[in-house]
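Numbering of the sequence shown is given in the UniProt record's numbering, commencing with residue 1 and proceeding in unit increments.
One should not assume that every hint holds.
[As the list claims (entries may be wrong)] Taking lysine to aspartate or glutamate and the DMTMM-like style, the derived pairs with C-alpha atoms no more than 25 Å apart in a straight line are: (1) K265 x D592; (2) K308 x E329; (3) K744 x E648; (4) K688 x E614; (5) K688 x E618; (6) K121 x E809.
Just so you know, the hints here were simulated from the structure itself, not pulled from any lab data.
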Amino acid sequence: MSTQTGTITEVVPHVVFNASSKTIDFQPHEEIELNARAPSRQSGRAVSEDEAIKLTKDTMFKLLSAGFSFFFAGTSDGCLGALIPYILRTYQVNTDMIAVIFAASFGGWVAAALTNSHLLKYLGFGSILAIGACIQLLAHVLRVWTPPYALFAVSFFLTSLGQAYQDSHSNTYVSGVKGAHRWLGFIHAMYALGLLVSPFVATPIAVARPDRWALFYGFLIGLGVINIVAVLFAFRDSLKVIHRAEPTVEGENTSRGKSAVEEIKETLGMRALWLLSLYFFLFLGASVTGGGWSVEFLVQIRGGDLSKMGYVPAGQNGGLFLGRLLLAEPTKRFGERRMVLICCILTLAAQLVFWLVPNIPANIAAISLVGFFSGPFFATGISVGSKLFPKRLQPTALGLVFALAQAGGSLFPALTGVIASRVGVQVLQPIMTALLVATGITLASLPACELSTTLEAHPGPTPPNISQPKAPTARRHSRSSSTNVFPAQLLSELKAQSESIVAGQLVAAGGLPSSSAVITDDNEPSSDTLVPQPTLATLYAGFQESIDSSTSTSSRTPTAAPYIPRRPSAEPLTTGPMSLGESGSSSGGGPDEWLEMAKKCKYLPESDMKRLCELVKECLMEESNIQPVTSPVTVCGDIHGQFYDLMELFRVGGGFPPDINYVFLGDFVDRGYFSLETFTLLMCLKAKYPSHITLVRGNHESRQITQVYGFYEECQTKYGNASVWKSCCQVFDFLALAAIIDGKVLCVHGGLSPEIRTLDQIRVVARAQEIPHEGAFCDLVWSDPEDVDTWAVSPRGAGWLFGDKVATEFNHVNNLTLIARAHQLVNEGYKYHFKNAVVTVWSAPNYCYRCGNVASIMQVKEDLQPEFKIFRAVPDDQRAVPPGRAGRGEYFL
1 MSTQTGTITE VVPHVVFNAS SKTIDFQPHE EIELNARAPS RQSGRAVSED
51 EAIKLTKDTM FKLLSAGFSF FFAGTSDGCL GALIPYILRT YQVNTDMIAV
101 IFAASFGGWV AAALTNSHLL KYLGFGSILA IGACIQLLAH VLRVWTPPYA
151 LFAVSFFLTS LGQAYQDSHS NTYVSGVKGA HRWLGFIHAM YALGLLVSPF
201 VATPIAVARP DRWALFYGFL IGLGVINIVA VLFAFRDSLK VIHRAEPTVE
251 GENTSRGKSA VEEIKETLGM RALWLLSLYF FLFLGASVTG GGWSVEFLVQ
301 IRGGDLSKMG YVPAGQNGGL FLGRLLLAEP TKRFGERRMV LICCILTLAA
351 QLVFWLVPNI PANIAAISLV GFFSGPFFAT GISVGSKLFP KRLQPTALGL
401 VFALAQAGGS LFPALTGVIA SRVGVQVLQP IMTALLVATG ITLASLPACE
451 LSTTLEAHPG PTPPNISQPK APTARRHSRS SSTNVFPAQL LSELKAQSES
501 IVAGQLVAAG GLPSSSAVIT DDNEPSSDTL VPQPTLATLY AGFQESIDSS
551 TSTSSRTPTA APYIPRRPSA EPLTTGPMSL GESGSSSGGG PDEWLEMAKK
601 CKYLPESDMK RLCELVKECL MEESNIQPVT SPVTVCGDIH GQFYDLMELF
651 RVGGGFPPDI NYVFLGDFVD RGYFSLETFT LLMCLKAKYP SHITLVRGNH
701 ESRQITQVYG FYEECQTKYG NASVWKSCCQ VFDFLALAAI IDGKVLCVHG
751 GLSPEIRTLD QIRVVARAQE IPHEGAFCDL VWSDPEDVDT WAVSPRGAGW
801 LFGDKVATEF NHVNNLTLIA RAHQLVNEGY KYHFKNAVVT VWSAPNYCYR
851 CGNVASIMQV KEDLQPEFKI FRAVPDDQRA VPPGRAGRGE YFL
């Protein structure tokens with residue numbers, strides 16, 4: 001991190017890790033294996049196969065129940081096309097009035113989208129599914145006795161409302177199951193099966209008793225009862241009412257109504273929501289329009305027999321059923337986007353046959369092919385949504401997507417009916433064709449995301465030729481020049497800068513223990529002793545160090561990589577509550593007891609520390625990549641293991657949470673004497689007051705960096721093994737990438753990225769991974785503001801230097817007033833950049849116990865005007881120093 005008088009440089013090294021004799025090569029771009037969690041607790045990324053819900057017997061019952069609910073919904077929706085001619089004749093209305101039914105259906109989906117978040121605050125998952133099932137049953141009970149047309153139309157509002165509750169939550173659950181692409185294909189195939197079965201039941205009843213066609217709804221009443229029973233049995237573990245004393249979905253005890261509204265606002269602000277909604281809007285419009293009006297088209301235009309044409313939608317739905325079952329696996333294997341675009345072209349070709357060939361058998365075959373090739377469309381959309389939306393927002397986001405999609409499913413059939421009443425039902429064909437073309441275009445425009453969530457083993461980097469080493473920053477320019485704020489003409493110039501800068505700063509390319517960078521001061525001479533710097537060959541080789549997590553002592557297993565020796569371990573520390581031999585025993589307490597111990601600069605017993613890590617990880621899983629924060633709040637910069645200075649920070653800030661709300665901008669560990677105790681205190685506060693403290697990830701919350709700058713060795717020394725270090729690293733993986741105060745002040749550790757123009761692009765970053773060497777994630781924790789025009793190569797070897805134009809444009813595009821960040825030592829405690837567009841906050845006074853700087857915290861009031869409080873380091877006689885560490889700045893690199 002740069003200072004005004006010198007530089008400290010750091011870079012992410014390559015780490016080889018050994019656990020229980022199984023070597024894992026942590027690559028910067030690779031998602032790492034974590035403990036399995038229910039997907040409803042994940043946020044901000046797709047669920048990996050290892051994290052997905054396992055296929056236990058209870059899970060299978062839930063999948064079958066979800067599948068049956070979709071079958072029930074399909075039978076309800078699939079009968080409308082066959083019954084429209086009888087509805088028109090019984091109620092003596094024209095096709096204009098059919099639009100009322102579609103409008104009522106749309107209203108039900110909108111109502112569900114607006115109430116979903118509120119229900120989640122008060123009801124368990126199973127309770128909402130049960131309510132949806134009951135509402136659908138009520139709707140069919142109203143229809144069976146052929147009520148007045150107004151009440152008949154209202155029943156479609158109830159049907160859609162119930163379906164929306166069941167569909168959105170079932171999709172969310174199934175998208176987190178292992179092999180989700182198959183199970184999404186299954187439940188949506190069940191919907192198509194319902195569409196297929198429904199006309200075969202509805203048409204005979206209507207033909208036999210044209211005046212009593214509504215008796216068909218007695219069949220749906222029976223299915224509705226089975227649906228309710230299945231939900232109550234399969235989801236019995238989540239049939240509950242959430243009382244105010246319990247934590248809500250976000251783990252907070254705040255007003256649930258306000259929280260729900262904030263969730264809706266956050267969801268509506270996501271650009272991906274509107275793009276995916278447009279895709280479903282057009283696709284569902286084409287699907288429902290075709291299914292609803294094809295019978296009338298064949299009867300009026302092709303001269304078909306009504307008693308026989310009523311079965312034609314079954315061909316389309318049969319094709320849809322087979323397409324969703326048979327094309328799910330090929331779509332996954334050959335690429336979702338590619339396969340769906342191919343299927344879209346084939347669907348359009350079949351539609352043209354339906355339009356242009358005046359032959360009923362050919363039309364029926366074409367309709368069936370339209371259904372078959374459109375099979376993957378819906379499940380693929382859900383799969384994409386599960387990757388674009390944070391898990392905690394998925395029920396709300398999917399509910400809104402379905403509501404807006406239903407607008408297409410309601411608008412276009414209604415529009416077709418209105419036009420058909422004036423110019424004839426032949427208008428169906430150009431409308432269908434246009435919708436399919438627009439669907440394909442929209443699909444091609446959807447944002448790219450991780451469409452495959454399987455964890456793969458990535459090979460390690462190939463070491464360059466030792467005699468002619470390759471400059472490690474060459475990879476920094478593999479970025480696409482089409483990035484909207486990264487001028488392509490700068491690439492060659494930046495490459496030349498990169499070569500010259502890195503050649504003079506090998507430290508920035510590796511940051512290994514055998515290298516050193518010395519902070520110089522204009523008033524002080526530089527250090528006379530420099531540790532020899534490593535060669536590029538050793539930097540690429542990475543660490544030999546390996547850790548056996550299954551024993552109480554560390555073991556070092558040789559690997560093929562050249563060995564880079566570590567510093568000798570420090571003497572055993574005794575500042576904790578127990579000796580090393582007692583570190584495995586539990587204190588028998590909980591968060592309250594742990595917090596009191598942590599405030600005394602005592603580290604917890606090993607078992608308690610692991611429990612604390614699990615609690616905090618569960619809290620973090622429910623947070624967004626950009627965690628919303630409400631003012632007033634206090635923003636704090638780097639801490640770096642300076643525990644006693646952290647306690648001074650809380651004193652200056654006005655106290656601990658919940659009296660004061662805090663946002664910490666990362667770099668909690670490394671370099672200081674008490675990284676373990678510092679991070680323990682922050683985790684205890686997070687576990688006890690999750691809504692009053694937000695922890696943002698810094699570049700030091702990394703397996704790679706902590707093995708170099710002290711935290712790993714501190715855990716190893718205090719506990720006698722690396723198990724606690726590994727648990728803390730898993731917590732690192734779920735820390736938020738940023739926070740945003742009242743939607744106006746963005747808080748991030750490092751800075752901006754050429755790959756990020758909007759906040760939505762941060763929201764879809766997969767954060768549960770080791771910090772990569774490059775890309776958007778890397779830049780958020782490594783970049784720095786600098787007096788450059790737009791972008792320049794960072795001397796750190798990771799991240800970028802960004803200038804005034806970049807910061808000003810980013811704030812304008814995202815409607816921000818300020819970017820608050822840390823990452824750089826500022827002697828005065830804080831520093832504004834670019835006419836107050838960016839501010840650096842530094843909260844580690846007398847950094848590394850030798851810099852002599854002051855520190856600051858930034859208090860943001862309701863008017864969003866920041867105020868800074870300056871504080872100095874705790875005097876030496878008021879802080880403890882671990883034995884053997886006095887006067888040693890061994891991590892000061």
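Hint check results:
1. K265 x D592: 34 Å, violated
2. K308 x E329: 35 Å, violated
3. K744 x E648: Outside the cut-off at roughly 28 Å; violated.
4. K688 x E614: 13 Å, holds
5. K688 x E618: Since the Cα atoms of K688 and E618 sit roughly 12 Å apart, the hinted pair holds (cutoff 25 Å).
6. K121 x E809: Not satisfied, since the Cα-Cα distance of roughly 37 Å exceeds 25 Å.
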